[in-house]
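Chemist: Next come the chains, spelled out residue by residue.
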Amino acid sequence: MRKLRVATVWFSGCSGCHMSFLDLDERLLEFAERAELVFSPIVDVKEFPEDVDVVLIEGAVGNTAHLRELLEIRTKAKILVAFGDCAVTGNVPSLRNPLPREEVLATVYGTVDPPGLEEGEVPKFLPQALPLHAVVPVDYFLPGCPPSAERIWKFLRPVLLGQRPELSGADIKLG
Amino acid sequence: MITLTIDGVRVQAEEGETVLEVAKKAGVRIPTLCYLEGLSPRGACRLCLVEVRNWGGRLVPSCATPVQEGMDVVANSPRLKELRRTILEMLFAERNHICAFCVSNGHCELQDLAMELGMDHVRLPYRWPLLPLDLSHAKYGLDHNRCVLCGRCVEACSEVEGAMTLGFSGRGVFTLVEADLGDPWGKSPTCTGCGKCVQGCPTGALFEKGKATSEQVKRPQILAEVTERRPRA
Ligand code: SF4
Ligand code: SF4
Ligand code: SF4
Ligand code: FES
Numbered sequence: 002m003r004k005l006r007v008a009t010v011w012f013s014g015c016s017g018c019h020m021s022f023l024d025l026d027e028r029l030l031e032f033a034e035r036a037e038l039v040f041s042p043i044v045d046v047k048e049f050p051e052d053v054d055v056v057l058i059e060g061a062v063g064n065t066a067h068l069r070e071l072l073e074i075r076t077k078a079k080i081l082v083a084f085g086d087c088a089v090t091g092n093v094p095s096l097r098n099p100l101p102r103e104e105v106l107a108t109v110y111g112t113v114d115p116p117g118l119e120e121g122e123v124p125k126f127l128p129q130a131l132p133l134h135a136v137v138p139v140d141y142f143l144p145g146c147p148p149s150a151e152r153i154w155k156f157l158r159p160v161l162l163g164q165r166p167e168l169s170g171a172d173i174k175l176g
Numbered sequence: 054m055i056t057l058t059i060d061g062v063r064v065q066a067e068e069g070e071t072v073l074e075v076a077k078k079a080g081v082r083i084p085t086l087c088y089l090e091g092l093s094p095r096g097a098c099r100l101c102l103v104e105v106r107n108w109g110g111r112l113v114p115s116c117a118t119p120v121q122e123g124m125d126v127v128a129n130s131p132r133l134k135e136l137r138r139t140i141l142e143m144l145f146a147e148r149n150h151i152c153a154f155c156v157s158n159g160h161c162e163l164q165d166l167a168m169e170l171g172m173d174h175v176r177l178p179y180r181w182p183l184l185p186l187d188l189s190h191a192k193y194g195l196d197h198n199r200c201v202l203c204g205r206c207v208e209a210c211s212e213v214e215g216a217m218t219l220g221f222s223g224r225g226v227f228t229l230v231e232a233d234l235g236d237p238w239g240k241s242p243t244c245t246g247c248g249k250c251v252q253g254c255p256t257g258a259l260f261e262k263g264k265a266t267s268e269q270v271k272r273p274q275i276l277a278e279v280t281e282r283r284p285r286a
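Chains Y and E, in that order, give the protein sequences.
The first sequence begins at 2 in the numbering used here and counts up by one.
The second sequence begins at 54 in the numbering used here and counts up by one.
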C-alpha cells in the first residue's frame with residue numbers, strides 16, 4: 002500500500018499544536034507505518050512538495066509569507082486541515098486584530114516602519130491575523146489550544162485508514 | 054389543560070406555561086442562552102427557536118412563547134440545527150471570543166453550546182471590535198469582549214437584587230452593558246456588590262476578581278433558588 006504523504010506547517014502559532022502532535026508518542030509508530038512526513042518544521046525540506054495528501058496547518062495567517070505559502074499549499078495538497086485554534090479562529094495572534102497594525106508595530110518596535118520588516122527578506126505583517134478559512138477553503142477543522150494528542154489521533158487515525166474523520170462534542174471544544 | 058405536540062409526541066401543559074418549560078418536562082432538549090430560570094424570559098438570543106408547523110412553519114422563541122391548544126411544535130430538525138448554529142456563529146463573530154485566553158474557559162455556556170451544536174469553526178467574518186474592560190469594581194470585572202448581550206445580568210440586578218444598577222446603552226452590535234448612566238461600575242452608588250449579575254452571566258463577560266480560570270465556576274441556579282424562597286405576591 003502506498004504511504005499517505007502528510008505535511009505539517011507552522012504559521013502564526015506557538016508550536017503547541019506541533020508539541021501535541023509529538024505527544025502522540027507510540028502512536029507515531031503506527032503513523033510512520035501508514036504515512037510519510039514529507040514536509041514539516043521537524044523535517045529538513047525547504048520547499049513544499051507536490052502531491053501532498055494531507056496537510057495540517059498550525060497558526061493564523063499573520064504575515065505576507067504565510068499568505069503566499071497558504072495559497073501555494075492549497076494548490077498542492079488534497080486535504081487541508083486547520084490544526085488548532087489559531088488556524089481555526091485566529092485565537093491568540095488575533096488578540097491584536099482590534100488594534101491598528103501601526104499601533105502594534107509602534108508599541109513593539111518603537112516605530113511604525115521598523116527597518117527590514119516592511120520590505121525585502123522579512124515578510125510584512127498583515128493588518129489582521131486571519132483564520133485559514135478566511136483565505137482558502139479548508140477541508141477539516143481540528144480545534145483546541147492545543148488539541149490534545151488524543152484528539153489529534155481521533156482525527157488522524159481514520160484519515161490514515163482512508164476514512165472520514167468525525168469529531169463532535171467535547172472533541173471540538175475551543176480553547 | 055392544554056394539549057399540544059412536540060416533535061410528534063402529544064404532551065399536556067398548564068395554561069401560561071411556555072413551550073420551553075413544557076419541552077423540558079417532556080425530556081426534549083432545546084438549547085438556550087438568554088433564558089434563565091428565576092428571571093423573566095427576554096427572547097434576546099433566539100437560540101431556542103422552534104418551528105410551529107400549523108402556524109405556517111413560523112419560528113418562535115420557545116422560552117417566550119406560551120403554549121396554545123393544538124400547537125404542532127418542531128423542536129429539533131436539520132433546519133433548526135442549521136439556524137441555531139448560524140445564530141451561535143453570529144455571537145462568536147460579533148465580539149472577541151478567544152477561549153484559550155478567557156477566564157471562563159471550560160465553564161462557559163457559550164462554549165458548551167458550540168460543542169453541542171457542532172460549531173467547529175465560524176463561517177461568518179469576525180468583526181474584531183475594539184472594546185474596553187471595566188475593572189473599577191472592587192470584587193468583579195466586566196469584559197465587553199465576551200458579552201453576548203443576553204441581559205441576564207441586567208435582570209438579575211433589577212428583578213432579583215432590586216438594585217437596578219445595570220442596564221444597556223447603545224443599540225445593535227454597539228450595545229454595552231453599563232452601570233448606572235455609564236459611570237465606572239466601581240463608582241456606582243446603587244451596586245450592593247451582591248454578585249448576582251456575575252453568577253447569572255453565561256460567559257466570561259462578568260467574572261470574580263482574584264479567581265483563576267479553573268475556579269471561575271458560576272452558579273446561575275442561585276437566582277431561581279433565591280426567587281423560589283420568596284413569598285408569592
Ligand atoms: S466567553 Fe466563553 S465562548 Fe467566549 S471566549 Fe470565554 S470561554 Fe470562549
Ligand atoms: S453586584 Fe449586585 S447590585 Fe451590583 S451590579 Fe451586580 S447584581 Fe447589581
Ligand atoms: S455581561 Fe454576561 S449576563 Fe450581562 S448581557 Fe453580557 S453576557 Fe449576558
Ligand atoms: S433562550 Fe429563548 S431567546 Fe434566548
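FYI, nobody ran anything at the bench for these hints, they're computed from the structure.
Careful, some of the hints might be misleading.
[To be verified] Partial pick of chain Y residues on the chain E-facing surface, computed with a CB cut under 8 Å:
| # | residue |
| --- | --- |
| 1 | 72 |
| 2 | 75 |
| 3 | 76 |
| 4 | 89 |
| 5 | 91 |
| 6 | 108 |
| 7 | 124 |
| 8 | 128 |
| 9 | 129 |
| 10 | 134 |
| 11 | 135 |
| 12 | 137 |
| 13 | 138 |
| 14 | 169 |
| 15 | 171 |
Where a beta carbon is used, it is the ideal one built from N, C-alpha and C, also for glycine.
Chemist: Now tell me, hint by hint, if it's right for this structure.
Modeler: Now the hints, each set against the structure:
no.: 1; hint: 72; in the structure: violated, 19 Å
no.: 2; hint: 75; in the structure: violated, 16 Å
no.: 3; hint: 76; in the structure: violated, 22 Å
no.: 4; hint: 89; in the structure: holds, 5 Å
no.: 5; hint: 91; in the structure: holds, 7 Å
no.: 6; hint: 108; in the structure: violated, 14 Å
no.: 7; hint: 124; in the structure: violated, 21 Å
no.: 8; hint: 128; in the structure: violated, 10 Å
no.: 9; hint: 129; in the structure: holds, 7 Å
no.: 10; hint: 134; in the structure: holds, 6 Å
no.: 11; hint: 135; in the structure: holds, 7 Å
no.: 12; hint: 137; in the structure: violated, 13 Å
no.: 13; hint: 138; in the structure: violated, 11 Å
no.: 14; hint: 169; in the structure: holds, 6 Å
no.: 15; hint: 171; in the structure: holds, 6 Å
Comparing the model with each numbered hint stated earlier shows that hints 1, 2, 3, 6, 7, 8, 12 and 13 do not hold.
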